[in-house]
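Asks: Letter by letter, the chains look like this.
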Amino acid sequence: MHALSADEIGIVELSLRVALVSVAFSLPVAVGVAYLLARSRFPGKLLIDAVVHLPLVLPPVVVGFALLLLFGRNGPIGRVLDQWFGVVLAFRWTGAALASALMGFPLMVRAIRLSIEAVDRRLEVAARTLGASRAWVFASVTLPLALPGIITGTLLSFARGLGEFGATITFVSNIPGETQTLPLAIYTYTQVPGGDPQALRLSVIAVVLSLVSLAVSEWLTRRTARAQSDDRR
Amino acid sequence: MIDVDIALSRGAFHLVATFAADARVVALFGRSGSGKTTIIDAIAGIAKPSRGSIRVGGDVMFDAAAGIDVPPERRRIGYVFQDALLFPHLDVHANLLYGQRLRSADERFIAEDRVVELLGLGALLHRRVRTLSGGEQQRVAIGRALLAQPRVLLMDEPLASLDVARRVEILDYVERLRDEVRIPIVYVTHSVAEIARLADTVVVVSGGRCVAVGPAHDVIGRLDIVSPVDRHEAGSLVDTRVVSHDAETQVTTLAFDGGVLHVPAIDARVGQSLRARIRSRDVSLALQRPAGISILNMLPARIVAVNAERDPVVEVQLAVGGARFTAAVTRRSLRDLDLHPGLEVLALVKAVSFDPYGVD
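Top line first, the protein sequences correspond to chains R and L.
At position 13 of the first sequence (counting the first as 1) the number is 13 in the numbering used here, and the numbers step up by one without a gap.
Here the numbering used here = 1-based position in the second sequence + 1000.
Chain R on its own, in the form it takes in the complex (with noise of 0.2 Å):
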């Protein structure tokens, strides 16, 4: 087990560049949704927060299956992207990475809407009468206090999306190149007579990388915690 094969290089790539893409456009959306269940009343509350937390229970292939109507060529969402926008995601690393956002979406709102709840009210009403508007508030209190939470729950999302399967294949296929990602590919091998030792070096490597990405997530959060609380100077 030696250096990578540039087609190892560049399924490693590929995912990598699956899960940050998911990652980096579903954050602000969890952080408002986490902050929308974490902090307001209102009608239709626990229905959005079941949806949120759909993809958690459902068969992946399910969530695959459903992004195909959707987003598809021909699907309700698809066709407008097409049209609209020229963004076609059926059967593109970036509906590989729309799949790994969704599924990864519920373990990233869970973790922010814990931390963004355990942020003491009265602090944010505290600044407010100092002269603080909500959105200055969220931004200079809220935020700063639930980072371990934010950073967790990306973390936990960035390592779903590594190791997504079922929606991804559904959804956009396995196409070397485009959408096969590690899980993909690892898949591929042991479907093809000999192909045992590659599954095992690329295993081998995801282990490596969501231990990686573990190993950063912890970091992260013991130096906020650390940096939130006593110091000693």
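By construction, these hints were calculated from the structure, which means they are not laboratory data.
Hints may be right or wrong, so weigh each one.
[As the list claims (entries may be wrong)] With a Cα cut of at most 25 Å, we get these calculated DMTMM-like pairs of lysine to aspartate or glutamate: (1) L:1048 x L:1022; (2) L:1048 x L:1005; (3) L:1350 x L:1282; (4) L:1048 x R:120; (5) L:1048 x R:124; (6) L:1350 x L:1336; (7) L:1048 x R:178; (8) L:1350 x L:1239; (9) L:1048 x L:1073.
Take the given structure of chain R and dock chain L to it, following the hints.
Replies: The following block gives chain L in isolation, referenced to the frame of chain R:
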């Protein structure tokens, strides 16, 4: 000038508050659960009354009929919370500047240096808030509220979570705000001693109602009426001036309009004004000057009134020169000594009952 006339409900609790006060320090006094904090929450804009109006310094902050409800960030009303509520992700310096940054230059009347000096915050500036003691946190909270350039400062029992030594220290700082910064303060407390020390006007809050409003001198004398539980704390306030210290016997002498009071040595310079609180239960009456007695203060007094309408304890109001004292005596003493208005007596005040710090 603060003008409050509101009704507000929180669950089963109903508050109806009406008072107007124009004083350096207005104290909202009452037991916990009486509605004091809800009143200042409404003034700050963080609790919304169902009807009525709130005016501060002539500006309408809230008027239900006119549909006016200025959001808290635009009221410029400082709020010092009971438990400080400093931002844990910022250091002391950043906490202090949080509000100042949000005010425009023409709204600023006090600078950071002045606040740091006034509250003795110099050594704390780069500390994390979780490393601060309770008293330090409270000082930073006061500084943070001041630097948000408020026109009024609301303080919600700022001493409640502190030990006695820290209370004395914070009270000193609050007094400096009152006398040096000259910012109007609304001070919530359940401590008679704190009112005696700080307040000009007292609003007594009980069961969600403002049951008495008036100058501190008057209200403290009537505490038994407005709040029977506080009868033991009822008494009078006497404005005095420090005239001398006797190092050997450790006695400080205070002069007031009606004579002098001897009290255990206090840490104040000669000439300084001091408000002494004398509780009714610490004042005894004698018809002749008793001999061989440990009581240092025997003041010639004339009985002005006898409030005998309730309880076994009778409140006797006295004129001592220009000052007013009250004495609490039993009905039996009232009968045996034949105490009645116009009678000349001696008011006996135990020196050690005097509390120079205004702290329980």
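Asks: A separate judgement is required for each hint: does it hold in the structure or not?
Replies: Results for each hint:
| no. | hint | verdict |
| --- | --- | --- |
| 1 | L:1048 x L:1022 | 23 Å, holds |
| 2 | L:1048 x L:1005 | 13 Å, holds |
| 3 | L:1350 x L:1282 | 7 Å, holds |
| 4 | L:1048 x R:120 | 20 Å, holds |
| 5 | L:1048 x R:124 | 17 Å, holds |
| 6 | L:1350 x L:1336 | 22 Å, holds |
| 7 | L:1048 x R:178 | 57 Å, violated |
| 8 | L:1350 x L:1239 | 18 Å, holds |
| 9 | L:1048 x L:1073 | 14 Å, holds |
Against the hints set out earlier in the document, a violation occurs for number 7 only.
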